[in-house]
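Q: As a plain string of letters, each chain reads:
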Amino acid sequence: MKTELHAIQAEALAALKDVKTPDMLESLRITYFGRRGKLTDVMKGMGKLSKAERPEVGKLANEVRTTLTAAFEETTHTLHRQQQEQQLEREAVDITLPGRKPAYGKAHPVMQILERIEAIFRQMGFEIVTGPDVETEYYNFDALNTPADHPARDLHDTFYLTDGHLLRTHTSPVQIRAMENQQPPVRIIVPGKCYRVDYDVSHTPMFHQVEGLLVDTHATFSELKGILTAFARQMFGDQTQMRFRPHFFPFTEPSAEVDISCTVCQGNGCRSCGGSGWIEILGAGAVDPAVFEAVNYDPGEVTGFAFGMGVERIANLQFRIPDIRTFYENDLRFLRQF
Amino acid sequence: MNVTLNWLKNYIDFELSASELADRLTMLGIEVESVKHPGAELEGVVVGCVNTIKPHPNADKLVLCQVDIGKTEELQIVCGAPNVREGMHAPVATIGATLPIGLTIKRAKLRGETSHGMLCSEKELALSEDAAGLMELSTDIPVGTSLPTALGLDDTVFELEITPNRPDCLSLIGVAREIRAETGNPLKLPHVDFNEDETDIREITSVTIEAPDLCPRYAARVIRGVKVGQSPAWLQQRLESVGIGVINNIVDITNFVLMEYGQPLHAFDCHKLAENRIIVRRATAGENITTLDEMDRELTSDMLVIADAEKPVALAGVMGGYDSEITETTSDVLLESAYFNPSSIRATAKALGMSTEASYRFERGADPGIVLAALNRAAQLITELAGGSTCKGIVDVYPGQQPLTEIQLRPERVNFVLGTEIETVTMVEILKRLGFDVETSGRGQRVTVPTFRSDITREIDLIEEIARVYGYDNIPTTLPKGDIPVPAPNPSAAVRKCIKHSLLAAGMMEAINYSFCDPNCFDKIRLTADDPRREVLKLQNPLSPEMSGLRTTLLPSLLENAQHNRNHQIDTIALFEIGNVFIRKGAEKEPERVTGILAGQVGEGVYSNPYREPDFYDIKGLVERILEVCGIVDYTLEKTDAPTFHPGRNAAVLSNNKRIGIFGEAHPEVLENYDLPYKAYLFDFDMEALTDAAIFAKCFEPISVYPKVERDLAIVVDQAVLSDMPTELIYKTGGELVESVRLFDVYEGEQVPEGKKSLAYAITYHSATETLTDKAVNALHSKVVKHLNQELGAELRM
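Which chain is which? The protein sequence lines are A and B, in order.
Quick note: the first sequence uses the numbering used here, first residue 1, plus one each step.
Quick note: the second sequence uses the numbering used here, first residue 339, plus one each step.
Bound conformation, chain B alone:
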């Protein structure tokens, strides 16, 4: 909401500058989002009167004007505007002024004649697009007046952010009340005084409230014989200064009072109300109304309408009806001032997708106590500005009158909650300045809440009021004195940290993707039709179809990341993400996964570290590292038929016979689906399973002081023999003297028979208790060779 400095000063005196006021309001909780000086750009532009016009001796299209700007001497100004004429008042940009369009005015010679300034069009002053001629100003404005003053622009406009709990601040008087709290200066409320005529309003109209739950109060006045027309300049300026468009004097007055008091009013053309009467009722289902914006709206039975004897004439608290609006022919006006149930207005506005100045205030909570004051103020202004006479009396139906809220305030509680030592008298003073009545009652204070503060219902609400006026800056800054609770152990956080650090150390970059997914992405990763990951939770209101589901796997987004990078010519792709997925089964479960992709090239592409393509063993190495840092040693691998992967190049990791993850080369079709011109390698693990399998407990193993003995062993086996079968057999046969078995070469080809392969192992024999003799090692090594031969058909390769 916008307010201006000058307008505010109508309701309270204060000595604060614009920036001081902005600062104080902000520190009271009314955030000033901007401070603007609309007239500042027009400095040096004044109102001038063109006294005489002479032809320019050297130019047909130019004339010489003698212009009075209130100084002793007239200025000669050269002008070429078609509408310039003697006696007209127009803006004069004086020497030294810089116009909003960037032009700085200098003394100039135009075709030999000196010009001491410039007569301006609206466009030259950036006031409108009108460049046809000079801006015409009212001759009522004295010459020499600065143009910003003449146009009401020498003001400061504050854009305020009013929080939803403070509807009372959605008005000039409301903001003035806050300034009163800050300064202690009294309010200057408008003096409302006007004459009523002899006709009693009850002879003309009546108000019936059939839905008192939704309309606790409805008041009306009738003003007859008005002349609908333009509002006077001051009123137009006021409304325009805060961004409200002008319509006609009657509507402008209701908007003016809305801004002044925060009370939405509505003016009906009295003659367009069937039987001239008002019924406040729920709409009947299927009933229609055309609102002021000329939209036809279908109503439901929970919406409140203002009706005449036949039909709805306004959508209560939201917008008036088109058929009963004020027009140029209106002579009699029925003026409505009411208080509506906030929830009802909110529901109606929301259902119809409408938000108006009125609904915005009613749904936050208007002030039932201001209904009559606002009504009288509007009647006064209409009488003054639109003529007409006001009928005697007010129809005021008030079935929902509530007693004022009273709250017991304990000053010691205030200080306890805030951590302050504020004196009780200070608290009382603050509350009184805010408009509360305060009386000492027992050991505390009895506080009566004014009707405009519907947000104050509890002691804590008063504590906040005291705190914000006292000043948050004046509340001390201390550290908590309470006990520090002992945190519960969090094994999954420890596992996450270990895995993340190990992946970062391995050169993988961390990605974060949206939790949303395209429900069609599963075809791209070739999931089978019955894959449970296809069961996505769907959004009612997605941003786009591609973001309409919640992800069940991190693979598609990482593949998209690879595609994005590939499309931007980045081919060293090593990304991982640790994040939750959303599984529909059972209670709201959001298992966390760690998923990675390796594609394109690894290395730096430099002399010392050339690029190379990653392969299966790169992704396997990453997986082995993850398992290692989690202390998971007892695991097995098995090939799977997971459709996302190359059928011959993938493996599931099993721990305690449970699958905890999968890794391998992406299926060529998946690569095609993501436009990847090279192979990609993926891993995808369940964090909870990793956490369950992780073993962080470590135990010291004695370090042998005796020398170790290394023996190499090259064997030829069938190609079907997997490399870890000999490894396991060596450990098994060698027993505890075998410290490690390292496969250092795999070879197929020349010198190895068809269908066979050669595997070369380095075996380290080591004893914790003695120096191994050659003899002992030879015996053991022979035993190993023998078993390899017997159980795997391995032949020693010479």
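Chain A with its partners taken away, still in its complex shape:
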């Protein structure tokens, strides 16, 4: 009987090597483990053995069964793996067929830049405040130390409404509205649309500005430089050089125009910067005491600074659109580029 068991094991293991399909495996399983299977038959014959033989043969029979069971299992796995591999091969796709892209829209390029500007100032503790586009002469000019006969008004080609209002020419009126509504400290930025009678490749009659205002008991011109330097480094890169040039705005004093090193030539001089190496990006200055007086702040008690920048201008440092009126055609071929 022992010989028989050894033979069955050897025969079964040999047969397993030739198994190619699950069906062949199943019939082989029946050949050995089925109700009339070869191993089953041997096991059934165990009862006829003598008591002395039984433990030894029984042990061997168990060993053979364990070995074969394991071998069958392994073959099952192998067959399954092979089958799966074949299936995967059949399932191969043409990886060059186009993907099914989820739809994805894009924010308007001017808004993308505006949102970046807002984010930088929010980090520095500035609150976003807005105001109306339709303004009065008082908020747009008078309260900003620009009375009716001031030559600076020539620089603003203002749209007037038939009812006597005007379209704000800058976001600065919101400085006044904000200070009328709150006491210092003030730390705000004001994004918004502005309007001037101008229409050519570098001007649109509507454009966007971001105004900034900081008022405190001890706000200095050096802090204005600090805030704007921090802004420019984040906006244009940490190698950005800055230049503050004296300028004139009726509502700030001292006033400055702020240049950054040209983003195209890094300050060496090129066509974009007119050879100067500098590009003007914003106007700024310490809040004029006359403005504080207009909002009933005591200029002896508080100081402050303000700045304003054109969003399209900053956007175009990056995008270099030859005709900025393209911004407002909403041509999808254009909008998709940004």
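Please keep in mind that the hints were generated in silico from the structure rather than gathered at the bench.
All values reported here derive from a predicted model rather than from experimental measurement.
Built from N, CA and C at the ideal position, the CB exists for glycine as well.
Do not take every clue at face value.
Listed below are several chain A residues computed to face chain B (Cβ distance under 7 Å; list not exhaustive) [stated by the list, open to error]: (1) P98; (2) R100; (3) G105.
Here the structure of chain A is known, so what remains is to put chain B in place on it, guided by the hints.
A: Chain B in isolation, oriented as in the chain A frame:
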């Protein structure tokens, strides 16, 4: 305003190169917009004298010239110009010179004869269009002189942007003062010295100021026996170098002094003044004057004129009169130097639509202190250059003389405002270089402002002066030390952000349109005659009729955007805009709206994502997404008769019984009006209403650990039954065990009776507290079926 390097050096010495000067001026606040070297293109062109001319042996139309250019040997130059003659001085382009027209001069053989250069016409030097012959140069100019020097072109022209607060810089001396502030070098003012004759000016003329509020100072001189003619070359060159045209010697001198001192002057032909006298007065209403530009101008009673005994002879501070202008026959000149009220000049110039060199300066504020110096300088030059003799004395009427402004300056305040540690002595030095008088007074400094700095009235003005001369670059860069204010909550910003992001994620592109609108656009979107959106705010000065109103709705511009894209063969149109509109009612209100359009096709048109036409449920899906991200769940829809929309395919969204927006298919007529060949779907929401309805507070709901049970249910109902009626009934009947009801099929047609439709729902039953048994679910499901039958007449579809 233009100034030149050489001209500036007449008034101050400095060692700065042109580019250094440009840089320093810019950093002082006088922005140099351009630096030009007009002579640079004429390098290598010199003045030559044609000594002898011989015929060319091989050409009839050419001659051989021996030309002296100041070198030891004469040059042989072949020339074909008709006006070439012996003894003439003409420009010679030497070997190696490149002319402005791009021609580089080489030694050349012309018909066998060598030419060592080229005699040039004005056109060849790009000086004028004159190509008829050689440019004739004065024989006074020594041969060998470089042509740029001979023509006064070897100079550097700076184009300056002078800010409106700095009229004192609108002159050569004014700019020189700034250079003094920068370098500390002294000014070199013109030395004015001339002889007066015996006749007292008061015997000849008089000046009466009847409007001293508008004319605080008026001074005059009379020069008799002048000869009006061309100005000398140096004067013409000076004026031309800064872009001022030459007229005649008298007018040129007044313009020269204007540029030199910044003081506008006017010269009258003395004999054309009735009674030879000057009255400065307001015009009478309806009075007329013909100005120098030969325009007839009607005056109003708030305009200041210079009049003679009978009529206005000049528009004060703006432009002289045609009838009293200097002509070739003028012999006696009355020279005016005055100071006018800036507001008055500005108002007059603006009312008449005029802007002149004079009005530009007077309206910004001229210097009443320079009136006499400029007058004397002009009289001197006229005597020198136009002959004539100056009458004794000046008529100087000065009713508006003001004491000099004095300001107390606190040095510690300067440093406080700037964030600097500038020494007081440095401040004093800066102010003195700028022309201020400074004396120590108490704990501060008493600063006296010169008459040319009318912009300086307050301490802060002095602080700015100190800052800009000290150098903005030298002011430290620090970060604010103050408290950061706590921002107020801004729910509308949060809603805007959520909506924008969800629309972008849904593939919509953001548009921005002008706030302007065409007041006729409302017909195109079929608004009724009484629609409040037709009440637009109108512009007084629009760019065009199409941009003459302020928009009250975003729909027309988005439809125009669709049309624009369609016209450019782009048919995948998915655009939205978040922007304000302008409503006339009540206080200035600018409600914000979010509006979108979907038209043409959706998808990418590729194998995996083919194009398809959008339909009502695409726009509805976008709207549902907007409402979802805003946390708005309690809303209802109702059909509307909004004329912009397809009457059967639109819905208003109501939250708390208030309409917050509308969406649907555009009316076919609207599509026609915008030339759209396909359907378009629109939504249009009020942001404030969305913000009011938005709920961002979220609360955790326990997630059931028990298995859920799904049952499908197909029912046949009347077509009039809307799909959400069964849905609601299922929720109501099933109670809290119904987790969700999903409509997965709608069917009409075969196997469904006429007038009926089949709706198929997947109902999910789920309990938070137990495993639902089949028995329990069956009972509940039967109850649902029963209620659907009883209340909606729904039959189970097998």
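Q: Hint by hint, say whether it matches the structure.
A: Structure-based check of each hint:
1. P98: 4 Å, holds
2. R100: Given a least distance of 4 Å, the restraint on A/R100 holds.
3. G105: Constraint on A/G105 satisfied, holds at 4 Å.
Violated hints: none; the structure is consistent with every hint.
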